[in-house]
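Read top to bottom, the protein sequences are chains P and E. The first sequence begins at 1 in the numbering used here and counts up one residue at a time. The second sequence begins at 1 in the numbering used here and counts up one residue at a time.
No lab work stands behind these hints: they were computed from the structure. Be aware that one or more of the hints could be misleading.
What the hints assert, rightly or not - Quick list of the computed label-pair ranges, beta carbon to beta carbon: (1) E:Gln189 / P:Ile307: 51 to 61 Å; (2) P:Ile389 / E:Ser20: 56 to 66 Å; (3) E:Gln194 / P:Ile307: 52 to 62 Å; (4) E:Pro15 / P:Lys386: 49 to 59 Å; (5) E:Pro77 / P:Leu381: 51 to 61 Å; (6) P:Thr324 / E:Ala136: 26 to 36 Å; (7) P:Leu393 / E:Lys120: 32 to 42 Å; (8) E:Ala31 / P:Leu393: 50 to 60 Å; (9) E:Glu87 / P:Lys12: 43 to 53 Å; (10) P:Arg14 / E:Pro15: 43 to 53 Å; (11) E:Pro15 / P:Lys12: 35 to 45 Å; (12) P:Trp8 / E:Lys120: 31 to 41 Å; (13) E:Lys120 / P:Lys12: 18 to 28 Å; (14) P:Arg409 / E:Pro77: 17 to 27 Å.
Even for Gly, the Cβ is constructed at its ideal location relative to N, Cα and C.
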Amino acid sequence: MRIRSIAWANLKRRKGKAAFLIVGISIGIATVVALLTLSRLIKDEIGTQLDQFGANIIVVPQSNSLSLDYGGISVSGVSLDVNQLKDEDARRVLDIPYRNRISVVAPKILGVSNVEGQPVLLAGVNFDAELKLKRWWRLVGQKPAQDGDLLVGYDAAKRLSLIEETADGQSQAVPVMPMAEITSGGGVHANHIQEKAFRIARDRVQIGGNEFRVAGVITPTGGSEDQIIFGSLPRFQKLLGKPDQLSMIEVSALCIGCPVEEIVKQISTQLPNAKVSALQQSVRARAETVNRLTRFASAVSAVVLLIGGLMVFTTMMGSVVERTKEIGVLRAIGLRKRQIINELMIEVAAISTIGGLVGWTAGMLISWLILPYFSQSGLKLEIDPKIAIGAILVAVLIGAVSSVYPAIRASRLDPSEAVRYV
Amino acid sequence: MSFVVIKNVSKVYQPDGIDSAVRVLADINLAVQEGEFISLMGPSGSGKSTLLTIMGAMNRPSEGSVMVDGVDVYELPEERRADFRREYLGFVFQQHHLMPYLNTLENVMLPLVTSKTSAKEKRSRAMAVLQRVGLANKATRLPNQLSGGEQGRLAIARALVNEPPLILADEPTGTLDSNTGSEIMEVFQQLNAQGQTIFMVTHNPENALVAHRIVNIRDGRMFNESEKEQ
Ligand SMILES: Nc1ncnc2c1ncn2[C@@H]1O[C@H](COP(=O)(O)OP(=O)(O)OP(=O)(O)O)[C@@H](O)[C@H]1O
Ligand SMILES: [Mg+2]
Numbered sequence: 001m002r003i004r005s006i007a008w009a010n011l012k013r014r015k016g017k018a019a020f021l022i023v024g025i026s027i028g029i030a031t032v033v034a035l036l037t038l039s040r041l042i043k044d045e046i047g048t049q050l051d052q053f054g055a056n057i058i059v060v061p062q063s064n065s066l067s068l069d070y071g072g073i074s075v076s077g078v079s080l081d082v083n084q085l086k087d088e089d090a091r092r093v094l095d096i097p098y099r100n101r102i103s104v105v106a107p108k109i110l111g112v113s114n115v116e117g118q119p120v121l122l123a124g125v126n127f128d129a130e131l132k133l134k135r136w137w138r139l140v141g142q143k144p145a146q147d148g149d150l151l152v153g154y155d156a157a158k159r160l161s162l163i164e165e166t167a168d169g170q171s172q173a174v175p176v177m178p179m180a181e182i183t184s185g186g187g188v189h190a191n192h193i194q195e196k197a198f199r200i201a202r203d204r205v206q207i208g209g210n211e212f213r214v215a216g217v218i219t220p221t222g223g224s225e226d227q228i229i230f231g232s233l234p235r236f237q238k239l240l241g242k243p244d245q246l247s248m249i250e251v252s253a254l255c256i257g258c259p260v261e262e263i264v265k266q267i268s269t270q271l272p273n274a275k276v277s278a279l280q281q282s283v284r285a286r287a288e289t290v291n292r293l294t295r296f297a298s299a300v301s302a303v304v305l306l307i308g309g310l311m312v313f314t315t316m317m318g319s320v321v322e323r324t325k326e327i328g329v330l331r332a333i334g335l336r337k338r339q340i341i342n343e344l345m346i347e348v349a350a351i352s353t354i355g356g357l358v359g360w361t362a363g364m365l366i367s368w369l370i371l372p373y374f375s376q377s378g379l380k381l382e383i384d385p386k387i388a389i390g391a392i393l394v395a396v397l398i399g400a401v402s403s404v405y406p407a408i409r410a411s412r413l414d415p416s417e418a419v420r421y422v
Numbered sequence: 001m002s003f004v005v006i007k008n009v010s011k012v013y014q015p016d017g018i019d020s021a022v023r024v025l026a027d028i029n030l031a032v033q034e035g036e037f038i039s040l041m042g043p044s045g046s047g048k049s050t051l052l053t054i055m056g057a058m059n060r061p062s063e064g065s066v067m068v069d070g071v072d073v074y075e076l077p078e079e080r081r082a083d084f085r086r087e088y089l090g091f092v093f094q095q096h097h098l099m100p101y102l103n104t105l106e107n108v109m110l111p112l113v114t115s116k117t118s119a120k121e122k123r124s125r126a127m128a129v130l131q132r133v134g135l136a137n138k139a140t141r142l143p144n145q146l147s148g149g150e151q152g153r154l155a156i157a158r159a160l161v162n163e164p165p166l167i168l169a170d171e172p173t174g175t176l177d178s179n180t181g182s183e184i185m186e187v188f189q190q191l192n193a194q195g196q197t198i199f200m201v202t203h204n205p206e207n208a209l210v211a212h213r214i215v216n217i218r219d220g221r222m223f224n225e226s227e228k229e230q
């Protein structure tokens, strides 16, 4: 029988009281863990989702004549403009000081051409870059592998009778990014349109006297790409009679809250003849949403911790007051103050460690249960040992801080006073 | 020399928020010899418990001194005084004050928690004491699973486990009916027969008669001590 056996016996035989304290602590910890976990996950999701809308930055030639519409952005369609973008300009974007923050540079040439008697918008692209940017695309067929391969938008493919609907209704479409490559939140794009099942009926198409192979057809996205035929950049540059020229460069910057405005400035310096603009709206909205979310979660966490701490404090005070007589008896029997404080602190440490563990588990469980209501894409809940350890440390800290004072006070009680009353 | 010497002890309580101080004990002089069994009697509120706690090294007198085995206990620093209580004194409280969450054996071992002896040794010492008070077969019961008399005997066992030279008991039969009360008194008598020094507060004149000597107190003052024929 030692000091810790007293603590242990008290915990074991007064389970109700211990459980009450554990519940009190774990409610606080669970709330904070759930809030922090969810806000972090949602923050990440907002970030990735916004990233998936594509480019953050658009580079176009300086020009007044606006004729074409691509992706909601008017771009110059005049080829004789003096301030043209060149292939090398796309490479020069990667020379800026912030090049580490740039994930994708997607140069493209745009133009209208007659395809089998119909005017169709052509886009010459670097497929590697383009598909990284358009993660939400789903293809029937394959990714382009050879120089003459095309990706055709759904509406364009339909107009040219390249596809036919299949009867069984099972779509063969696959995402352009293999699942493993898609970061959390990338599974199925939120705005994906209900697919009609179809298959490629004819994979040869004549454009400007050349034959191309239709590698894949993009399932309907509701965006401008539905109308477009995508081919390799050099082939379409030649075909459109604009060798070496670019209509625009789409640039995607990495991460949440990256210094997009700074990157825009650096690209402008690098390409003085181009007009560089960030998709301000989305960038601002993203930063603001993320910040607001973080602030909200921290504020609520602080309040919850404060209330939890106060609750534990009053409960500890109460339990010590309740045990005044007991503590007085221990003193009368000849235990030293330090030994009594030890005994109380061992109890508190045990209770708050369990409270922290239970709270963390409950918090993760709550996050897991309510996550689907916050996130459309199947976010994965990760077990972060830092949060687990933090939760237990915070619980022990709250327990210790809120019981040191009552414990010291109790140990100072006059034993003759304490044993006087019934 | 006497084992306990109480010299000119007075106690004045100054309750919070009240101007007038309450004099609970006035000029008490008392000596207790080794092996003696003393009963302290007096009406309620006369200061018996106060005197007991003063003798028990946990309630500093306003005036006077308490010497136990040649040690002036209130000259000791506070924590040393706690050690002193553990080594020299065994308390039996009026309400027994058993730890409700410790079983019989654990309650008895309570005064031993700080001792360096092995767990086995503590256990066998506690069992030996329980044997003496006739509770050896109830070692794993919790206090609320014991009868009133058994709780009283358990309180005595706890007071004895350190083999203290002096037992201080405050109305150990106070909450018990007369049958179980005499059960407790028998235990005290046996202990005293084995040489244990006992100082006991009681209301009950019958119980008081078990002692060698009865000390009377009224309004904080001692009057007539009656010596009993052995
Ligand atoms: N801590 C204290 N503060 C103020 N007054 C006290 C204190 N302790 C005791 N008293 C007062 O001192 C007087 C004597 O108290 P004490 O407990 O010593 O009496 P007692 O003889 O043991 O009585 P009882 O037989 O009822 O137990 C009482 O009037 C009591 O109110
Ligand atoms: Mg009393």
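Verification of the hints:
1. E:Gln189 / P:Ile307: 51 to 61 Å: About 59 Å separates the Cβ atoms of Gln189 of chain E and Ile307 of chain P, which means 51 to 61 Å holds.
2. P:Ile389 / E:Ser20: 56 to 66 Å: Because 59 Å falls inside the window, the suggested range holds.
3. E:Gln194 / P:Ile307: 52 to 62 Å: 59 Å, holds
4. E:Pro15 / P:Lys386: 49 to 59 Å: 55 Å, holds
5. E:Pro77 / P:Leu381: 51 to 61 Å: Distance hint for Pro77 of chain E, Leu381 of chain P holds at roughly 57 Å.
6. P:Thr324 / E:Ala136: 26 to 36 Å: 32 Å, holds
7. P:Leu393 / E:Lys120: 32 to 42 Å: 38 Å, holds
8. E:Ala31 / P:Leu393: 50 to 60 Å: 58 Å, holds
9. E:Glu87 / P:Lys12: 43 to 53 Å: 30 Å, violated
10. P:Arg14 / E:Pro15: 43 to 53 Å: 33 Å, violated
11. E:Pro15 / P:Lys12: 35 to 45 Å: Roughly 40 Å apart at Cβ, these two residues keep to the hinted range, so it holds.
12. P:Trp8 / E:Lys120: 31 to 41 Å: 18 Å, violated
13. E:Lys120 / P:Lys12: 18 to 28 Å: Roughly 22 Å apart at Cβ, these two residues keep to the hinted range, so it holds.
14. P:Arg409 / E:Pro77: 17 to 27 Å: 20 Å, holds
Taken one by one, the earlier hints fail for this structure at numbers 9, 10 and 12, listed in ascending order.
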